[in-house]
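A.B. asks: These are the residues of each chain, in order.
Protein chains: 2
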Amino acid sequence: MFPYKTSFLLKRNTSQALYLQLSNQFITLIKNNTLPSNTKLPGSRVLAEMLNVHRKTVVACYEELLLQGWIVSIPKKGTFVNTDLPLLHYQKSTNDIVKSIKSKANFSFKKSKILERKTFPELTNFTVINDGVSDHRLTPIDDIARTYRRIASKKSTIEQLTYKSTYGNIRLREALVSYLNETRGLQITIDNILITRGSQMGIFLTAILLFKKDDLVVVGETNYIAADVTFSQSKAKILRVPVDENGLNTDAIEKICKKKRIKAVFVTSHHHHPTTVTLSAKRRIHLLNLSKLYNFAIIEDDYDYDFNYNHAPILPLSSHDSLGNVIYLGSVCKTVAPVFRIGYLIAPKDFVDEAAKHRRYIDRQGDALLELTFAEFIKSGDLDRHIKKVLKIYRQRRDLFCKLMTEELSAYFSFEVPKGGMAVWTILDKKYTWKQVSETAKRHQLEIGDWERYDLANNNHNAIRIGFASYTEDEIIELVKKLKQTMNSLDFL
Amino acid sequence: MFPYKTSFLLKRNTSQALYLQLSNQFITLIKNNTLPSNTKLPGSRVLAEMLNVHRKTVVACYEELLLQGWIVSIPKKGTFVNTDLPLLHYQKSTNDIVKSIKSKANFSFKKSKILERKTFPELTNFTVINDGVSDHRLTPIDDIARTYRRIASKKSTIEQLTYKSTYGNIRLREALVSYLNETRGLQITIDNILITRGSQMGIFLTAILLFKKDDLVVVGETNYIAADVTFSQSKAKILRVPVDENGLNTDAIEKICKKKRIKAVFVTSHHHHPTTVTLSAKRRIHLLNLSKLYNFAIIEDDYDYDFNYNHAPILPLSSHDSLGNVIYLGSVCKTVAPVFRIGYLIAPKDFVDEAAKHRRYIDRQGDALLELTFAEFIKSGDLDRHIKKVLKIYRQRRDLFCKLMTEELSAYFSFEVPKGGMAVWTILDKKYTWKQVSETAKRHQLEIGDWERYDLANNNHNAIRIGFASYTEDEIIELVKKLKQTMNSLDFL
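Quick note, the sequences are listed as chains A and B, same order. Each residue of the first sequence is one higher than the one before, counting from 1 in this note's numbering. Each residue of the second sequence is one higher than the one before, counting from 1 in this note's numbering.
Hints were generated in silico from the structure; no laboratory data involved. Take the hints with a grain of salt, since some may be wrong.
For chains that are exact copies, the list does not tell them apart, and a pair is met inside one copy or across any two.
Here are the simulated lysine-lysine pairs, DSSO-like style, with alpha carbons at most 30 Å apart [claimed, not checked]:
hint	residue 1	residue 2
1	K349	K379
2	K155	K442
3	K102	K11
4	K235	K357
5	K431	K419
6	K102	K357
7	K388	K155
8	K111	K258
Whole structure, please, built from the sequences with the hints as guidance.
C.D. replies: Quick look at the structure:
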């Protein structure tokens with residue numbers, strides 16, 4: 001007889017009922033033909049004794065197997081493995097199974113090259129250079145979590161716990177409409193806003209809606225890599241125009257428009273990513289005029305509007321959009337903390353409506369509790385207070401970083417002091433390459449990061465973004481020290 | 001001279017500084033050529049008097065305009081509108097602008113027909129029929145919000161507030177791996193799981209990775225509409241096979257495989273959506289064998305695994321997946337509450353890795369705070385306790401609903417009592433149409449909802465899903481009463 005006694009492993013300290021463990025293991029034995037069809041199973045009392053379980057357990061197990069159709073019970077004869085089951089093709093041993101499940105799919109799917117992104121192991125005592133992110137240690141997390149809990153416990157919130165609008169919570173949309181109209185000079189209504197998960201989802205939705213295969217999109221040379229990748233993923237063709245101290249060269253864009261039909265221009269007008277330059281007033285007007293004349297969309301990613309050190313923020317192109325050419329993207333991720341995936345897409349109603357339809361099939365809807373929390377965070381003025389607070393800190397960090405870089409490293413690096421934002425566009429002397437620097441830096445516990453991504457256009461500017469906002473003044477001193485040690489040992493070689 | 005006195009509207013009770021309001025309004029006047037280039041601006045003292053503001057305000061405003069390049073200051077001569085600005089093409093009046101921004105884009109974009117979904121106004125005293133959603137009023141919202149806040153206030157959480165893995169929080173992935181291995185008999189490791197926003201994002205990512213134009217995907221006739229739409233959006237061709245009391249007809253699938261190369265089969269094996277039938281053991285094995293033989297992917301959407309009333313849950317196909325053919329999708333949205341957009345995609349590592357790369361360009365990453373909260377909700381056993389609690393309630397609601405439907409409405413409707421899930425597949429007598437019922441129902445404060453979506457395959461089954469789980473027993477009595485009134489007045493006509 002089949003060695004039932006030794007063929008089952010029943011754990012008593014798990015949440016899964018014994019009879020269920022038993023029936024699941026029976027199913028495996030039946031499936032891999034260890035218990036072939038028509039095998040007579042022992043009576044419940046016999047099996048119960050062999051396995052040292054209560055008879056009820058075996059009865060429940062058999063009932064389960066009957067229900068699921070794995071076994072049949074023939075009156076006066078007994079219980080048998082169903083003869084009517086097709087054989088499950090030979091299975092490997094459990095280890096192999098786990099291994100195979102772990103590693104490779106047994107079906108084909110698309111593999112994309114352009115999505116590849118370098119990641120870097122988190123090493124202790126290492127300073128890791130980023131491209132300009134906020135300091136998450138300054139997040140007003142306690143206030144936000146307190147508000148979150150208070151809102152969650154409100155009676156009126158219960159309605160928000162089920163399926164809701166794909167446009168985002170109405171109160172957050174209202175709060176953002178008045179906030180953005182007031183601070184950015186927009187002239188939008190509730191119909192013009194879709195709540196997204198950070199501005200990346202805004203870029204993604206925009207790309208899906210705008211681009212058919214080989215549609216042309218104009219970007220800077222060089223450009224924000226995530227935008228490039230997203231556009232390429234939706235099959236758009238990327239055209240690059242030069243970027244100088246006044247931002248995107250709009251004359252170059254006009255030249256293109258005279259020859260070809262372009263679908264969109266992607267612009268980070270406030271501080272061009274990665275070079276941090278601001279688009280000049282003249283070019284802003286020029287770009288808006290071109291978009292009207294040639295009916296293309298301006299995708300304005302205003303990722304760091306709140307961070308200006310020398311003067312008031314410059315109003316976005318969207319605030320001057322008279323005919324509906326601008327798709328305006330922003331988020332609270334950089335301003336408050338990346339963990340809060342809340343952003344917005346501002347556009348003409350028909351575009352917003354279409355984007356909302358697509359959004360339904362991506363993630364259905366946003367997080368109403370978090371959205372209500374941020375509606376309050378904005379209306380209470382806490383957001384403004386937070387911005388004022390960190391702005392002061394980031395300015396000091398910018399000043400310290402630029403001062404030290406000039407004093408200590410001007411022989412190797414040149415840069416413009418950025419008027420705003422969270423990073424310095426740092427140009428390396430042509431005598432060196434970032435490849436060398438990055439390799440040598442590791443010896444000094446300094447990780448330069450993905451320096452290659454800044455030269456997608458291959459124009460050998462030999463520059464990368466170095467974020468300053470996320471480091472304390474001590475950490476900045478440490479960073480510059482390590483960078484200096486790196487350059488010194490490079491000279492020494 | 002230009003009527004400065006009357007051309008500016010300065011609000012003192014807003015958060016925007018006066019000088020900024022002033023400069024922004026100057027910019028508008030310059031842009032729409034009301035103040036043509038080379039116009040001499042009044043001195044700061046003069047303007048300050050005219051506008052009745054402090055002189056500092058005007059000075060700050062002029063500095064701002066200089067910085068932004070809208071005006072130039074010529075020593076000994078004064079301040080002038082920059083001659084070097086291209087004219088912004090004629091703008092309509094502010095009202096028109098708002099209107100135009102509100103309504104239509106001045107650029108072209110794709111408009112999709114298949115994304116159209118009916119929405120229904122929320123009317124008071126109306127009973128709205130849904131397709132089987134959980135009762136959000138049973139959400140353990142206080143416990144979850146308390147946990148959320150506790151986690152947010154932990155020192156160790158600060159690290160989670162910045163950019164993190166696109167795979168989802170590691171602790172939630174670990175918690176789900178052991179939870180799913182134990183409850184669903186899976187044999188997965190941390191490498192096989194990607195945290196998504198509800199199972200919809202899992203379907204979306206899967207469709208993006210699997211389908212090129214005209215690739216074939218097999219689904220039931222009829223099928224879960226959101227899956228159909230998502231597949232069609234990624235240009236797949238949908239083939240339908242019949243669904244009977246044993247679920248998808250796998251013989252029909254085999255026939256197709258012998259003729260054509262199919263890319264995937266979408267199956268809601270536990271309770272077919274919409275008909276609620278369970279895929280039989282025989283067909284489960286058959287389908288798995290076919291997937292190995294013909295190397296197609298099985299997309300298993302296990303949307304209501306936790307809700308069984310007659311017997312223990314049947315293990316998903318994924319638990320028998322020896323070669324890596326199954327992509328297993330689930331979520332906590334239906335189990336806990338739709339507002340918590342947390343789901344999982346379980347698949348071979350290479351597929352999971354590719355999905356994670358795409359996810360980066362959709363919404364970058366999930367909500368680490370919420371993910372940590374649910375890691376604890378699962379590990380503490382609270383999730384299991386919650387399921388036990390609502391399962392009992394939903395069973396009572398199912399029994400009451402089915403009892404009343406049989407007693408009161410068997411003349412009009414026929415149905416099988418569902419073994420699990422949250423809805424009854426309700427077949428209307430052929431004498432009537434759901435169109436009639438839906439129209440008449442409105443007169444009795446009953447909203448049938450989008451009854452058309454259940455017959456995408458046009459096989460005139462004349463049936464819809466009626467959810468029972470989200471209504472209290474009183475609400476169920478009310479619903480049936482309204483439905484009876486509806487049918488009576490239909491007969492009366």
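A.B. asks: Among the hints numbered above, which are violated by the structure, and what are their numbers in rising order?
C.D. replies: Violated: none.
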